[in-house]
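A.B. asks: Place chain B on chain V using the hints.
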Amino acid sequence: MPEARRVLLLSAGLLMSGALASFASADANLGLPPVPIPADNPQTADKIALGDKLFNEKRFSSTGEVACATCHDPAKAFTDSPLVTSEGINKLKGTRNAPSVINSAYFTSMFWDGRAPTMEKQAELPIINPIEMGLPNHDPVLKVVREDPQYIAAFQKVFGKSGERITMLEVTQAIAAFERTIVSGDSPFDRYYFGHDKAALSPSAVRGFDVFLNKGRCVSCHTIEQDRALFTDNRFHNIGVGVNRIQNEINDFAPRFLKAKADGVDVDNAVLSNPKASELGRFAVTSTLDEIGSFKTSTLRNIAVTAPFMHDGSLKTLSDVVDHYNNGGITDPKAHVNDFLSGGIRPLNLTDPEKADLVAFLESLTSPRFAAQGAAK
Amino acid sequence: MSRLRSDRRSFLKTATAAGVAGVLPLSLIELSFAKPADNFTFAYISDAHIQQIKGTSFVRNWDRGLIRAVAEANLLTPRPDFVIFGGDLAQLGSKPELDHGAELLSKLNSKLYCVMGEHDYYLDLGAYWSKLFGPQQYSFDHKGVHFVVLNSILTYDDWTFNRWPSAEQRMAEMAGLDNPNGSPFLVGQKQRDWLAKDLKKVSRNTPLVVLSHSPLQKIYKGWNFWTDDAEQVQALLAPFEKVTVLYGHVHQIQYNKIGAIAFTSAMATAWPWPYPQTYAQAESHLPKLTVQMNRADPFFERDATGWQFIDVHTGRSDVRYNLYNNKSRLVAYNEQTQQPEDVDYQSPERRTASQSHF
Chain V
1 MPEARRVLLL SAGLLMSGAL ASFASADANL GLPPVPIPAD NPQTADKIAL GDKLFNEKRF
61 SSTGEVACAT CHDPAKAFTD SPLVTSEGIN KLKGTRNAPS VINSAYFTSM FWDGRAPTME
121 KQAELPIINP IEMGLPNHDP VLKVVREDPQ YIAAFQKVFG KSGERITMLE VTQAIAAFER
181 TIVSGDSPFD RYYFGHDKAA LSPSAVRGFD VFLNKGRCVS CHTIEQDRAL FTDNRFHNIG
241 VGVNRIQNEI NDFAPRFLKA KADGVDVDNA VLSNPKASEL GRFAVTSTLD EIGSFKTSTL
301 RNIAVTAPFM HDGSLKTLSD VVDHYNNGGI TDPKAHVNDF LSGGIRPLNL TDPEKADLVA
361 FLESLTSPRF AAQGAAK
Chain B
1 MSRLRSDRRS FLKTATAAGV AGVLPLSLIE LSFAKPADNF TFAYISDAHI QQIKGTSFVR
61 NWDRGLIRAV AEANLLTPRP DFVIFGGDLA QLGSKPELDH GAELLSKLNS KLYCVMGEHD
121 YYLDLGAYWS KLFGPQQYSF DHKGVHFVVL NSILTYDDWT FNRWPSAEQR MAEMAGLDNP
181 NGSPFLVGQK QRDWLAKDLK KVSRNTPLVV LSHSPLQKIY KGWNFWTDDA EQVQALLAPF
241 EKVTVLYGHV HQIQYNKIGA IAFTSAMATA WPWPYPQTYA QAESHLPKLT VQMNRADPFF
301 ERDATGWQFI DVHTGRSDVR YNLYNNKSRL VAYNEQTQQP EDVDYQSPER RTASQSHF
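Sequence order for the protein chains is V and B. The first sequence begins at 1 in my numbering and counts up by one. The second sequence begins at 1 in my numbering and counts up by one.
Where hints are given, some of them may not hold.
Unchecked claim - Below, a sample of chain B positions facing chain V; criterion: calculated Cβ distance under 8 Å:
id, residue
1, Ile67
2, Glu72
3, Asn74
4, Leu75
5, Thr77
6, Phe299
7, Arg302
8, Asp303
9, Asn322
10, Tyr324
For the record, the hints were derived by calculation from the structure and aren't laboratory data. Computed from a predicted model, the values in this text were never measured in an experiment. Where is the CB? At the ideal position from N, CA and C, for every residue including glycine.
With the rest of the complex left out, here is chain V (with noise of 0.2 Å):
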């Protein structure tokens, strides 16, 4: 806890400026465990600073336009909300919803489908994703943190490294780091379930909560423990979302997909630019059967202010989202089940005011900052 404590207050009087000040307060991260922190990739206030500024940096694009932060934009809780699925170089769409880096540091793996095992793997993929950023390789990236006066500064003091000796890693653990200093709790379910402050939550939300622990079965996935709340149980579940598009079409696609794979086809590049490869989900990664249509569980911090929402966007308000739980992972009542759906999906029964608390207990789960945001939408 102290070195989580220490890494958010330095990173917080580094950054200064209004964005993440309120980071500073005591309690910024009530219902948070310590950010865990690789050890051959130490926090400092050097290489902090210097992950924000390459977090910002467009020149890693094919374009000149498309930075880190276009998709995870601070203005907008670190995503691009409203954008249904993101947008890179030239506006190409891609297959999936910009998840938040609020609180990433605590997955297990990154993306929706895993496909990176740290924060500093994530970082590298992007970039010469053809559809996100566009760079044919990192050789244009390492070329501009080599050449450009400030970055020889900042990759020199941080790492005390310059010209060939600057790669991708540290490039990456920088990036990381900055990431790892964007976490956010104290949310008004924090003051009322770690704080104890009774009245920090509305009778409905509280009413909700119960929901979310009982009838909903939410809990299951999205944890919730006795000293913090991660709402992710940083598994892969199928609950029937995007899957159930292809679902006529996968004893023909898998097998075929899997053989392109062996083949030497790109994972990162098929799921982003192929819907039917992006809905496989966990599969395309790790070719098991039984996780075919899975995605990782999401956080549920700030879920409020990051519509739309799932890893494809196609759920627009979080009462669609309640909604598609109920129906036993269905957004349309009558639509088939998927054959693949996780066995902790199912009918749920629930009542109108039963959804109705269960919204207002999940618009309970946003940080003082990013209320701010939603509330300006």
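C.D. replies: Using the frame of chain V, we list chain B on its own:
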């Protein structure tokens, strides 16, 4: 798993190195064997327990288990040579249950062979099942292996014909566990005679695979993990050099060897045996609990269920268990120890300790 290996040894090594981490070597099987003609795969789905609630309403949980196993078996690449359904398609043997189960099985895109389970049998003594699926005991040859399917869930005539006032009660009594009114399973004299005759035409070095619903061995009588004339059936199989018995019924992974006969069980698609009372927010339709079992994750209805696909090579069978929310397991025949062994968890120190508290 990025490199395709061209011989079986390195395939197994690859699978082991990856910890059989839930990854089905879908495209690897085809390339795994030195003599492809001698080797083949089949899928084995068992114990679906399709259960009618009323009218067109069936227990959703059991439906989902069979639907998922069928859908996944259809994705195996290369396609398995055939699929075995290991018995207990229905819960109480009724026409609606058998019809509904048959419809779900009809989605399979491979040839299907069916085994009789006691839940399919004791309402009408297998009449409707036979109308749908054919004979209750039969044999066939496939790529040099002789397959025998037995109806191992018969019992003593007095119990079957004289004990019960109605067919429904007979079915219900046989469906219970720890039921003093139950009766041990039998292959029976008539079927043993048929088996002896069937095996006469098979040479001693032809690999045999015997499919039965109950274990053709005596494990636990109270739950009918038991066949009363198991020794007599084993005696008929004993002269053969390579015998594999695959059975359902037990809803858990078991493997052992008696003489030359290697036994391996199948998981159920419906529920694990035994299981704890868990997650009772909605009516569960689970049979009445007798003994608690650790269950990794009661939230997931598919947890501790699964299905299997089987590599047959040099006359021996390697059974790969596809287990939802859990790592796949591979019980392979070890030529050195001459035993079926769990590739990952055979040695005690490799096993995961049981959980004693949830």
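A.B. asks: Hint by hint, say whether it matches the structure.
C.D. replies: Hint check:
1. Hint status for Ile67 (chain B): holds, given a least beta-carbon distance of 5 Å to chain V, under 8 Å.
2. At about 5 Å, the closest approach between the beta carbon of Glu72 (chain B) and any beta carbon in chain V falls short of 8 Å, and the interface hint on this residue holds.
3. A hinted interface residue such as Asn74 (chain B) counts as satisfied when its beta carbon comes closer than 8 Å to some beta carbon of chain V; here the least separation is about 5 Å, so the hint holds.
4. With 8 Å as the threshold, the beta carbon of Leu75 (chain B) comes within range of chain V, its nearest partner Cβ sitting at about 5 Å, so the hint holds.
5. At about 4 Å, the closest approach between the beta carbon of Thr77 (chain B) and any beta carbon in chain V falls short of 8 Å, and the interface hint on this residue holds.
6. Given the 8 Å rule on beta carbons, the hint for Phe299 (chain B) holds: about 4 Å separates it from the nearest Cβ of chain V.
7. Restraint check, Arg302 (chain B) versus chain V: the minimum CB separation of about 3 Å is within 8 Å; hint holds.
8. A cut of 8 Å between beta carbons decides the hint on Asp303 (chain B): the least distance to chain V is about 6 Å, and the hint holds.
9. Given hint, Asn322 (chain B) at the interface with chain V, holds; its Cβ is 6 Å from that chain's nearest Cβ, closer than 8 Å.
10. Because the smallest distance between the Cβ of Tyr324 (chain B) and any Cβ of chain V comes to about 5 Å, under 8 Å, the interface hint for this residue holds.
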